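S.K.: Taken in sequence, the protein lines are chains A and B. Counted from 1, the first sequence has number 85 at position 85 by the working numbering; the numbering is strictly sequential. In the working numbering, each residue's number is its place in the second sequence (first place is 1) plus 112.
Hints are computed from structural coordinates only; laboratory data are not their basis. Each hint should be verified, as a subset may be incorrect.
Partial list, derived from the structure: chain B residues whose beta carbon lies under 10 Å from chain A [as the list claims (entries may be wrong)]:
| no. | residue |
| --- | --- |
| 1 | Val-116 |
| 2 | Gln-150 |
| 3 | Phe-151 |
| 4 | Gln-154 |
| 5 | Ser-155 |
| 6 | Leu-156 |
| 7 | Ser-207 |
| 8 | Arg-209 |
| 9 | Tyr-218 |
| 10 | Glu-221 |
Pulled a few chain B residues facing chain A out of the computed Cβ check, cut under 10 Å [what the hints assert, rightly or not]:
| no. | residue |
| --- | --- |
| 11 | Leu-158 |
| 12 | Gly-173 |
| 13 | Phe-203 |
| 14 | Ile-205 |
| 15 | Thr-216 |
| 16 | Ile-217 |
| 17 | Gly-220 |
The calculated lysine-lysine pairs, modelled on DSSO-like cross-linking and capped at a C-alpha distance of 27 Å, are [said to hold, decoys possible]:
| no. | chain 1 | residue 1 | chain 2 | residue 2 |
| --- | --- | --- | --- | --- |
| 18 | B | Lys-153 | B | Lys-176 |
| 19 | A | Lys-104 | A | Lys-71 |
| 20 | A | Lys-57 | A | Lys-17 |
| 21 | B | Lys-132 | B | Lys-153 |
| 22 | A | Lys-1 | B | Lys-176 |
| 23 | B | Lys-153 | A | Lys-104 |
| 24 | A | Lys-1 | B | Lys-153 |
| 25 | B | Lys-176 | B | Lys-132 |
| 26 | A | Lys-104 | A | Lys-57 |
| 27 | A | Lys-1 | A | Lys-99 |
| 28 | B | Lys-167 | A | Lys-1 |
| 29 | B | Lys-126 | B | Lys-176 |
| 30 | A | Lys-71 | A | Lys-1 |
| 31 | B | Lys-132 | B | Lys-167 |
| 32 | A | Lys-99 | B | Lys-126 |
| 33 | B | Lys-132 | B | Lys-178 |
| 34 | A | Lys-99 | A | Lys-57 |
| 35 | B | Lys-167 | A | Lys-17 |
| 36 | B | Lys-126 | A | Lys-104 |
| 37 | A | Lys-104 | B | Lys-176 |
| 38 | A | Lys-99 | B | Lys-178 |
| 39 | B | Lys-126 | B | Lys-178 |
| 40 | B | Lys-126 | B | Lys-153 |
This structure is a prediction, so every number in the text was calculated from the model and none was measured. Glycine included, each C-beta is placed from N, C-alpha and C at the ideal position.
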Amino acid sequence: KNQVEQSPQSLIILEGKNCTLQCNYTVSPFSNLRWYKQDTGRGPVSLTIMTFSENTKSNGRYTATLDADTKQSSLHITASQLSDSASYICVVSAIGDDKIIFGKGTRLHILP
Amino acid sequence: GAVVSQHPSRVICKSGTSVKIECRSLDFQATTMFWYRQFPKQSLMLMATSNEGSKATYEQGVEKDKFLINHASLTLSTLTVTSAHPEDSSFYICSARGQGTGNTIYFGEGSWLTVV
Numbered sequence: 001k002n003q004v005e006q007s008p009q010s011l012i013i014l015e016g017k018n019c020t021l022q023c024n025y026t027v028s029p030f031s032n033l034r035w036y037k038q039d040t041g042r043g044p045v046s047l048t049i050m051t052f053s054e055n056t057k058s059n060g061r062y063t064a065t066l067d068a069d070t071k072q073s074s075l076h077i078t079a080s081q082l083s084d085s086a087s088y089i090c091v092v093s094a095i096g097d098d099k100i101i102f103g104k105g106t107r108l109h110i111l112p
Numbered sequence: 113g114a115v116v117s118q119h120p121s122r123v124i125c126k127s128g129t130s131v132k133i134e135c136r137s138l139d140f141q142a143t144t145m146f147w148y149r150q151f152p153k154q155s156l157m158l159m160a161t162s163n164e165g166s167k168a169t170y171e172q173g174v175e176k177d178k179f180l181i182n183h184a185s186l187t188l189s190t191l192t193v194t195s196a197h198p199e200d201s202s203f204y205i206c207s208a209r210g211q212g213t214g215n216t217i218y219f220g221e222g223s224w225l226t227v228v
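In isolation and in its complexed conformation, chain A is listed as follows (with noise of 0.2 Å):
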């Protein structure tokens, strides 16, 4: 079954201080892996997006990391901003996108 786990639920950290989100996936045949922000009440924003040959790749002060062979993802946030307050969503397409499975996401806190 495709299926994308996101850990933790939730997560509360200081200004300033780095973090990093877990995503794993089931999806396959794998296809891509994206990492989304929303914002309370708005739509999801895309951060990155990872096909099977990338290992990392960055977006300012999100970096992404992708192993494909334990399938698994991080998104890392470096020196957390305020703004950054946030559910982060992972989602994984199979080849041919007949399917992109949503992860329940993890919502970020970032206190002053």
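Given the coordinates of chain A, assemble chain B onto it according to the supplied hints.
M.R.: Just chain B, lined up with the frame of chain A:
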């Protein structure tokens, strides 16, 4: 980057009436559009997938006669909530993928529906 626009952003309707939400791709042709609903503090739930010119594919448990989806053109899809009830109150989001977007799926800003 590509832009997906939803309208209206907020709508209040009376119980028993129907309400239509539009999803437009502004600078690309959306061959596939997706509709989701999201309850507060919960994850996105895919409702249906629509390909331009064909009938939408609904997820299990989603009533196709209640949530009418039309994808008549490459830039517009609509979701009509028919005979709305208070329990239909939710955040509805569309996303689109198509020519020129590569593997990226772009999301609209969402529409808040309140049924009173």
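S.K.: Could you check the structure against the hints above and give me the numbers of any it violates, in ascending order?
M.R.: 3, 12, 32, 35, 36
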